[in-house]
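J.: Here is how the chains run, residue by residue.
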Amino acid sequence: GQNIDQPTEMTATEGAIVQINCTYQTSGFNGLFWYQQHAGEAPTFLSYNVLDGLEEKGRFSSFLSRSKGYSYLLLKELQMKDSASYLCAVKGLTGGGNKLTFGTGTQLKVEL
Amino acid sequence: NAGVTQTPKFQVLKTGQSMTLQCAQDMNHEYMSWYRQDPGMGLRLIHYSVGAGITDQGEVPNGYNVSRSTTEDFPLRLLSAAPSQTSVYFCASTPGHSSVSYEQYFGPGTRLTVT
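Sequences listed follow chains A and B, in order.
Start counting the first sequence at 6; every next residue gets the next number (this note's numbering).
Start counting the second sequence at 182; every next residue gets the next number (this note's numbering).
No wet-lab data here; the hints were simulated from the structure.
One should not assume that every hint holds.
Derived coverage of chain A by chain B (criterion: at least 3 residues anywhere in the stretch with Cβ under 8 Å from a Cβ of chain B; other residues may be distant) [unchecked claim]:
#: 1; segment: 42-53
#: 2; segment: 105-116
Here are the simulated lysine to aspartate or glutamate pairs, DMTMM-like style, with alpha carbons at most 20 Å apart [as the list claims (entries may be wrong)]:
#: 3; chain 1: A; residue 1: K62; chain 2: B; residue 2: E284
#: 4; chain 1: B; residue 1: K190; chain 2: A; residue 2: E60
#: 5; chain 1: A; residue 1: K73; chain 2: A; residue 2: D10
#: 6; chain 1: A; residue 1: K81; chain 2: A; residue 2: E14
#: 7; chain 1: A; residue 1: K73; chain 2: A; residue 2: E60
#: 8; chain 1: A; residue 1: K114; chain 2: A; residue 2: E19
For every residue, glycine included, the Cβ atom is placed at its ideal position computed from N, Cα and C.
Given only the sequences and the hints, what does the whole structure look like? Please build it.
T.: This is how it looks when you write it as C-alpha cells:
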C-alpha cells in the first residue's frame, strides 16, 4: 500500500518563499504529483517528478528524492491567490497513469 | 474542448435511493477515474479504467459500480445510498500509456448529500 504524509496547515507572507514537504512510503513507486486545489474547486496539476532532482516551472518548483521517500513543493514570490490546498500524490507501478494515492493536503494561507 | 464534465453539480438523496453520477471527457483520454473527497481524508480512489471495457477497483469501491462502454463516458452508480456516501465526487481523465503526460484533468465535482 501507500502512506503519504504532509503538514495540515501552513501560513506564509505575501512575497515570501514557502516549502511544503511530503513524505511517502510505498510498495511501488512510479512518480509523484503535486496538485493545487482552491476551496470549492477541482484540483489542478502543478508538477510531476519521476526522477530525483528539482523541476522548476515559473514560481513553482518541485523536488524528489526517491531514496528518502521525500518531496517538496517550493513556491516563490507568494501571492494572495496562492492561498489553497496543496495535494501530494503518488503513482504506483500498476493501474496506468490514473491510479494515484493522495495525501490529505496542506492548507496554505498567504497573509499580507 | 469542454474537458471533463460532470452532472449533476449538486444532489440530495434519501437513504436507500440509487442514482448515477455522469462523467464525460472530450479529449480522447484513455484513462478515467472516480475519487471522493471528504474533510481530513484527502482524495480517495473509488474505481478507475484504463480503457473502454476495462474497469478496476480503487481504495474504496464498496457501494459503487462503474462501467466504461465508450472512451468518452465513465458513469458512477450508487446502488443504495447511505449517509456515509455524503461527499464530493470528482471524475478525472489522463491521456494514456502512449502519452508522455501523466497529468490528470479533473471535472468540477458533484456534491452529494445523503439524508
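J.: Hint by hint, say whether it matches the structure.
T.: Outcome of the hint check:
1. 42-53: holds (count 6)
2. 105-116: The restraint on the segment 105-116 of chain A holds, since 6 of its residues have a Cβ under 8 Å from chain B and three suffice.
3. A:K62 to B:E284: OK: A:K62 and B:E284 at ~15 Å, within 20 Å.
4. B:K190 to A:E60: At roughly 35 Å apart (the allowed maximum being 20 Å), A:E60 and B:K190 break the hint.
5. A:K73 to A:D10: Holds, at about 13 Å.
6. A:K81 to A:E14: holds (18 Å)
7. A:K73 to A:E60: Holds. A:K73 to A:E60 sits at ~17 Å (cutoff 20 Å).
8. A:K114 to A:E19: holds (10 Å)
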